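Visitor: Residue-level listing of the chains:
There are 2 protein chains.
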Amino acid sequence: MGRIICCGLGPGDPDLMSVRADRVVRAAKHVAYFRKRGQLGQARRIVEGMLAAGVSEYPMEYPVTTEIAFDSPEYARLLAGFYDEWTERLARLARAVDIVVLCEGDPYFYGSFMHLHARLQGRVEIEVVAGIPGMVGCWNSVGRPIALADDVTTVLMGTLPEAELVQRMQNSDALVVMKTGRNLTKIRRTLAAAGRLGDAWLVERGTMPDQRVARLADLAEADAPYFAIVLVHGQGRRKEAVP
Amino acid sequence: MGRIICCGLGPGDPDLMSVRADRVVRAAKHVAYFRKRGQLGQARRIVEGMLAAGVSEYPMEYPVTTEIAFDSPEYARLLAGFYDEWTERLARLARAVDIVVLCEGDPYFYGSFMHLHARLQGRVEIEVVAGIPGMVGCWNSVGRPIALADDVTTVLMGTLPEAELVQRMQNSDALVVMKTGRNLTKIRRTLAAAGRLGDAWLVERGTMPDQRVARLADLAEADAPYFAIVLVHGQGRRKEAVP
Chain G
894 MGRIICCGLG PGDPDLMSVR ADRVVRAAKH VAYFRKRGQL GQARRIVEGM
944 LAAGVSEYPM EYPVTTEIAF DSPEYARLLA GFYDEWTERL ARLARAVDIV
994 VLCEGDPYFY GSFMHLHARL QGRVEIEVVA GIPGMVGCWN SVGRPIALAD
1044 DVTTVLMGTL PEAELVQRMQ NSDALVVMKT GRNLTKIRRT LAAAGRLGDA
1094 WLVERGTMPD QRVARLADLA EADAPYFAIV LVHGQGRRKE AVP
Chain H
894 MGRIICCGLG PGDPDLMSVR ADRVVRAAKH VAYFRKRGQL GQARRIVEGM
944 LAAGVSEYPM EYPVTTEIAF DSPEYARLLA GFYDEWTERL ARLARAVDIV
994 VLCEGDPYFY GSFMHLHARL QGRVEIEVVA GIPGMVGCWN SVGRPIALAD
1044 DVTTVLMGTL PEAELVQRMQ NSDALVVMKT GRNLTKIRRT LAAAGRLGDA
1094 WLVERGTMPD QRVARLADLA EADAPYFAIV LVHGQGRRKE AVP
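Residue numbers (our numbering), protein chains in the order written: chain G, 894 to 1136; chain H, 894 to 1136.
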């Protein structure tokens, strides 16, 4: 009886993978990973050059998305079917061998694998290896503390309704905004409405060789960064806080 | 001219240190770390057995705290003096050698080293190595996703005023409460007032050999966990969210 080992790979730099993840990836005989059709996939890219010779690869390609709206019930059904199908395939494979599922960041923090994790409960043994979340890599790329002392840190998805974004952006010391992509214009507008655009950073491909760190306000409107996170640093609510 | 390398060690399990941190720690000739007087110190404990023979150690001991209230102006002055002093000592040492400062979790996320980081700017070259934050280790110890889909995640310090804690606990999907220690009774009371005590977990010494994972409501009032974080999991605001 095999296991499924969901391996958090960290933010992108393979050197920031945990010692355990490094060992698991190099020893893997079967690896699965999510990717968009026609792309190598971010998780697979991180382990480039680390996989053993003869490893079996199982790319889990998201259903085609060009013809159907992302937020339609039809796409949700398609996606549920996709997760169901891969649940069956991984459960079947794990009867005989160990499968390593490659996951960017930390699997338990907004990770796509959780859709399979929920479905696989009770059917197969699952081990999860923690990783440095993508946002941590991004604030390390800026090189300043994201939060200090009594700061409140809020992690928001760019997919949230505009009014909610503004209210939460006004109401937190440190901010992390994920799922930026097509929501970037909205994120910029809501940060401006909350009076925080001037302090916002955009980090694209944080910790990767082609990373970009820029003030969000300096970015051209037409610029469409890929794999990006927006950050606003807390200032430390007290100075010289007691540790 | 040497450098100061502030090395994030992750949540506690040395196997969850990054590949880079592992290399930096094993190669270090001079290591500094914070600790409370009379204790080995959490950062130093994580690297036990990894340091090279003949390494020079610089324990940075916090000023005595038993006689002065933690939140008094006098203690704040004492602490500022302590950080000033170590800034001078590390800057002087780094003229000749590389110093590795050992830090639990991720240095940029509420890390004590940031008090020195701010003071050392422009005086000496500083490199920071990202780590898995303590909270990530803790939610991995529970073994369930902390946040999914469009969940909002809020990180709160137990030191915040009671009314603010209640309001923020009501107002977020996923919750992480740090700086628990002497604030645990207040945290329990505020979670109850926010209607979330039943869903709260306490993780003590997450990822360490003697870790404890318990429902906060099941803990005896007199129990005083050490090095603990409180978690409330988000439920995933949408199901089958688009990745």
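These are computed hints drawn from the structure, not numbers from a lab.
Check the hints yourself; a few may be wrong.
Said to hold, decoys possible - Examples of chain H residues toward chain G, derived with CB under 7 Å:
(1) D908
(2) M943
(3) S949
(4) Y951
(5) D999
(6) M1007
(7) N1033
(8) I1039
(9) M1050
(10) E1055
(11) N1076
(12) L1090
Source: prediction; values computed, not measured.
Ideal placement from N, C-alpha and C gives every residue a C-beta, glycine not left out.
Visitor: Compare the structure with each hint and give your call.
Guide: Here's how the hints hold up against the structure:
Given the 7 Å rule on beta carbons, the hint for D908 of chain H holds: about 4 Å separates it from the nearest Cβ of chain G. Here the hint on M943 of chain H is broken, as its CB sits about 11 Å from the closest CB of chain G, past 7 Å. Taken as an interface hint, S949 of chain H does not check out: its beta carbon lies about 23 Å from the nearest beta carbon of chain G, beyond 7 Å. A hinted interface residue such as Y951 of chain H counts as satisfied when its beta carbon comes closer than 7 Å to some beta carbon of chain G; here the least separation is about 17 Å, so the hint is violated.
Hint on D999 of chain H holds. Least Cβ distance to chain G is approximately 5 Å, under the 7 Å limit. Satisfaction of the interface hint for M1007 of chain H is found here, the shortest Cβ-Cβ separation to chain G being roughly 4 Å, below the 7 Å cut-off. The interface hint given for N1033 of chain H is met, as the beta carbon of that residue sits about 4 Å from the closest beta carbon of chain G, less than 7 Å. Taking 7 Å as the C-beta cut-off, the interface hint given for I1039 of chain H holds, the closest approach to chain G being about 6 Å.
Annotation: interface hint on M1050 of chain H holds; nearest CB of chain G at approximately 5 Å, less than 7 Å. The interface hint given for E1055 of chain H is broken, as the beta carbon of that residue sits about 13 Å from the closest beta carbon of chain G, more than 7 Å. Annotation: interface hint on N1076 of chain H violated; nearest CB of chain G at approximately 11 Å, more than 7 Å. Annotation: interface hint on L1090 of chain H violated; nearest CB of chain G at approximately 20 Å, more than 7 Å.
Violated hints, listed in ascending order, are 2, 3, 4, 10, 11 and 12; each of the other numbered hints is respected by the structure.
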